[in-house]
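Novice: For reference, the chains in residue letters:
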Amino acid sequence: MNNKYTVYALGIVGIITFTLALSVIPDSLNFFREDKSAMFIFTLMVIMIMLYEVKLAKGSSEPIFLRTIPGLKAVEEAVGRSTEMGRPILYVPGIMDMNEVETVAGVVVLGHVANMTAQYETELDVPVARAIVMQSARQVTKEAYMTQGRPEMFNEDMVHYITDDQFAYAAAVNGIMQRDEPAACLYMGKFFAESLLFAETGNSIGAIQIAGTGSQTQIPFFVTACDYTLMGEEFFAASAYLSKQPELIAGITAQDIIKVILVSFILIAIASRAFFDLGFTEFNLITWLGL
Amino acid sequence: MSFSAILGAWIAAFLTLGIFSYLYRDNPFYKIAEHVFVGISAAYVAAISFWTQIYPNLFGRLFPKDGPLAFTGLEFDFNHEFNILYLFPLLLGVMMLISVFQQFNWMARWGIAYTVAIAAGLKAFGYLNSNVLNQVSASAVDLFSGSLPFFYNETTPYSGDTVFNNIVLVVGTLSALMYFYFSKEQTGNFGRFTRLGIYFLMVSFGASFGFAVMGRISLLVGRFNDLIEYSSSDYNYATFSVLLFIIVTLGIWSFQNPEQKGN
Chain A
967 MNNKYTVYAL
977 GIVGIITFTL
987 ALSVIPDSLN
997 FFREDKSAMF
1007 IFTLMVIMIM
1017 LYEVKLAKGS
1027 SEPIFLRTIP
1037 GLKAVEEAVG
1047 RSTEMGRPIL
1057 YVPGIMDMNE
1067 VETVAGVVVL
1077 GHVANMTAQY
1087 ETELDVPVAR
1097 AIVMQSARQV
1107 TKEAYMTQGR
1117 PEMFNEDMVH
1127 YITDDQFAYA
1137 AAVNGIMQRD
1147 EPAACLYMGK
1157 FFAESLLFAE
1167 TGNSIGAIQI
1177 AGTGSQTQIP
1187 FFVTACDYTL
1197 MGEEFFAASA
1207 YLSKQPELIA
1217 GITAQDIIKV
1227 ILVSFILIAI
1237 ASRAFFDLGF
1247 TEFNLITWLG
1257 L
Chain B
220 MSFSAILGAW
230 IAAFLTLGIF
240 SYLYRDNPFY
250 KIAEHVFVGI
260 SAAYVAAISF
270 WTQIYPNLFG
280 RLFPKDGPLA
290 FTGLEFDFNH
300 EFNILYLFPL
310 LLGVMMLISV
320 FQQFNWMARW
330 GIAYTVAIAA
340 GLKAFGYLNS
350 NVLNQVSASA
360 VDLFSGSLPF
370 FYNETTPYSG
380 DTVFNNIVLV
390 VGTLSALMYF
400 YFSKEQTGNF
410 GRFTRLGIYF
420 LMVSFGASFG
430 FAVMGRISLL
440 VGRFNDLIEY
450 SSSDYNYATF
460 SVLLFIIVTL
470 GIWSFQNPEQ
480 KGN
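Chains as they are written, first to last, in the working numbering: chain A, 967 to 1257; chain B, 220 to 482.
Check the hints yourself; a few may be wrong.
Only pairs whose alpha carbons sit at most 30 Å apart, straight line, appear in this in silico DSS-like list of lysine-lysine [what the hints assert, rightly or not]: (1) A/K1021 <-> B/K342; (2) A/K1225 <-> B/K403; (3) B/K284 <-> A/K1024; (4) A/K1024 <-> B/K250; (5) B/K342 <-> A/K1002; (6) B/K403 <-> A/K970; (7) B/K250 <-> A/K1021; (8) B/K403 <-> A/K1039; (9) B/K284 <-> A/K1210; (10) A/K1225 <-> B/K284; (11) B/K403 <-> A/K1108.
Output of the computed footprint for chain A on chain B, the stretches with three or more beta carbons under 8 Å from beta carbons of chain A [to be verified]: (12) 290-302; (13) 449-460.
Using C-beta positions, here's what the derived DEER-type ranges look like [said to hold, decoys possible]: (14) B/E448 <-> A/I1013: 56 to 66 Å; (15) A/G1256 <-> B/D296: 39 to 49 Å; (16) B/E404 <-> A/Q1182: 24 to 34 Å; (17) B/R328 <-> A/S1209: 47 to 57 Å; (18) B/T406 <-> A/S994: 53 to 63 Å; (19) A/D1146 <-> B/E404: 32 to 42 Å; (20) A/M1112 <-> B/Y377: 22 to 32 Å; (21) A/T1247 <-> B/E300: 25 to 35 Å; (22) B/E404 <-> A/R999: 50 to 60 Å; (23) A/M1119 <-> B/T406: 37 to 47 Å.
What the hints contain is simulated information worked out from the structure, not anything from laboratory work. All figures in this text were calculated on a predicted structure; none of them were measured in a lab. By construction, the Cβ of each residue, glycine as well, lies at the ideal position given by its N, Cα and C atoms.
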């Protein structure tokens, strides 16, 4: 373990040295922008930690510890409930396209949910608002059904396009909820003003509801109306949690290390600013880094 | 008042009240409004995408006037110059379309992979810059300077810099950040600290919720203003007439469908 942090310390020193070396290159060559040095260092540092954590995870036989996230445990519970009640599961992957990281995360989680529905022979309904998301969701769902050895259960129409328009999509999904009465509604993706419309309707039909989004303005609505909510990074970590693959889980541990580095940096920057404001020194870390 | 304006008001009143009828339960009026809305919006988006994106930006650049592909007989004059790179999005689009045939299903993956990869590359820098470095910079606030009041006073606004506000900001940021630390169980002192973080998050969610609800109320007021306007004699009492029609029809429909009453 100590060896790991030695590697990171040496790596960070190496990155800073490399950046300093680059900054020596004359400006006339227009090769390296010194004002972006902090960004450059941080980006390389993130890449280094990510890659090394993945490498360690691949070579390790011990499972990586991650704390429990109640919302993720509830996904399996929701699939089980739907199976027992003989009612479908409604999965809404947000209203944005595949260029949004939340949508990508939502489609990845859909793959895991489809694995469960294939296993339990539960009906799955995925209305989508974008053509590319429809194609992606179909591919992921099909693969899940093939993996579970149930290709005959896969039906392309289980992932169906409605419309790109936000509120028309919301109206259609609400109608589906009222008519099909799914036992579980999962909202995983990027949402805007339609989030509360979904969650309220799902609540009114008595469905178990699990939401996951990084949209800060919509999390309050999901927290209010859903049974479980995966907030921000919990949602992004969901796919790694559900996959149980060490390489993906290593991504989460790498982010944890980066968070600790950032917290430490904030504390150092506050101390530096205090010394500067109180007149003890002329040096202010944030100003020096050009942030 | 022209006939088209009156007709428009009647349609608007019908569709608005049809959507509001959902508050009673799913019913034929809601279904009509929903299907009209979905159908029109889907067609509208398709038409807009073609005429504002594909037609001028793709065809206009691949087949400009007097361009190298003019021999094909296709010429679209949007003052663009020929750009061969636009063959690439055309190819990806065609591959996406061809994927409707079962044996070419795999072709859709190319477009998806391209979209996801480009988005990841483009957004990585933006996220690191705005969501990480700028946030870190903004969190390095003044906690010890004697130039700031500890609490609010007449010279500083409530939301401005005070030592107390800055302490709240730093503690809230750090504790909320550590709530999303997954590699350690949230127990003991660390658990108490992260619990503080979730309290901060909940307070901010509550404020955001209240703010958004106020925005929704203003939207509702907007719809009611329209309905009130359409209820005047200028529009032949559109709102009242449609409302009465919907209520009476829903009443009859409810009695004819007793099996749905339990819902």
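Novice: If a hint holds in the structure, say so; if it doesn't, say that too.
Specialist: To see whether the hints hold, each was checked on the structure:
Annotation: proposed proximity of A/K1021 to B/K342 holds, straight-line Cα distance about 25 Å (limit 30 Å). A hinted pair counts as satisfied when its Cα atoms are at most 30 Å apart, and A/K1225 with B/K403 qualifies at roughly 13 Å. For a cut-off of 30 Å, the pair hint linking B/K284 to A/K1024 is broken: about 57 Å separates their Cα positions. Between A/K1024 and B/K250 the alpha-carbon distance is near 53 Å, which puts this suggested pair outside the 30 Å criterion.
In summary, the hint linking B/K342 to A/K1002 is supported, as the alpha carbons are separated by about 16 Å, within the 30 Å threshold. For the suggested pair B/K403 and A/K970, the alpha carbons sit about 17 Å apart, so the restraint of at most 30 Å is met. With a C-alpha separation of about 54 Å, the suggested pairing of B/K250 with A/K1021 is violated against the 30 Å cut-off. Restraint check: the Cα-Cα separation between B/K403 and A/K1039 comes to about 18 Å, which is no more than 30 Å; the hinted pair holds.
Between B/K284 and A/K1210 the alpha-carbon distance is near 56 Å, which puts this suggested pair outside the 30 Å criterion. Among the hinted pairs, A/K1225 with B/K284 is inconsistent with the structure: their alpha-carbon atoms are about 55 Å apart, more than 30 Å. A C-alpha spacing of about 36 Å is found between B/K403 and A/K1108, which places the hinted pair above 30 Å, so the restraint is violated. Evaluation of the coverage hint for the region 290-302 of chain B: breached, as 0 residues show C-beta separations to chain A shorter than 8 Å, against a requirement of three.
For the region 449-460 of chain B, the stated coverage by chain A is violated: 0 residues have a C-beta nearer than 8 Å to a C-beta of that chain, whereas at least 3 were required. Here the CB-CB span from B/E448 to A/I1013 is close to 59 Å, well matched to the stated 56 to 66 Å. The hint said 39 to 49 Å for the Cβ distance between A/G1256 and B/D296, and at roughly 47 Å that hint holds. Taken as a hint, the range 24 to 34 Å holds for the pair B/E404 and A/Q1182, whose Cβ atoms sit roughly 26 Å apart.
In this structure the supplied range 47 to 57 Å is violated for B/R328 paired with A/S1209, their Cβ-Cβ distance being about 20 Å. One distance hint, 53 to 63 Å for the beta-carbon pair B/T406 and A/S994, holds here, with the actual separation near 57 Å. Checked against the hint of 32 to 42 Å, the pair A/D1146 and B/E404 passes, with Cβ atoms roughly 39 Å apart. Under the hint 22 to 32 Å, the C-beta atoms of A/M1112 and B/Y377, about 59 Å apart, miss the expected range.
A/T1247 and B/E300 have their C-beta atoms about 57 Å apart, which leaves the hinted 25 to 35 Å range violated. As the Cβ distance of B/E404 to A/R999 is approximately 43 Å, the hint placing it in 50 to 60 Å is violated. Checked against the given bound of 37 to 47 Å, the beta carbons of A/M1119 and B/T406, roughly 42 Å apart, stay inside it.
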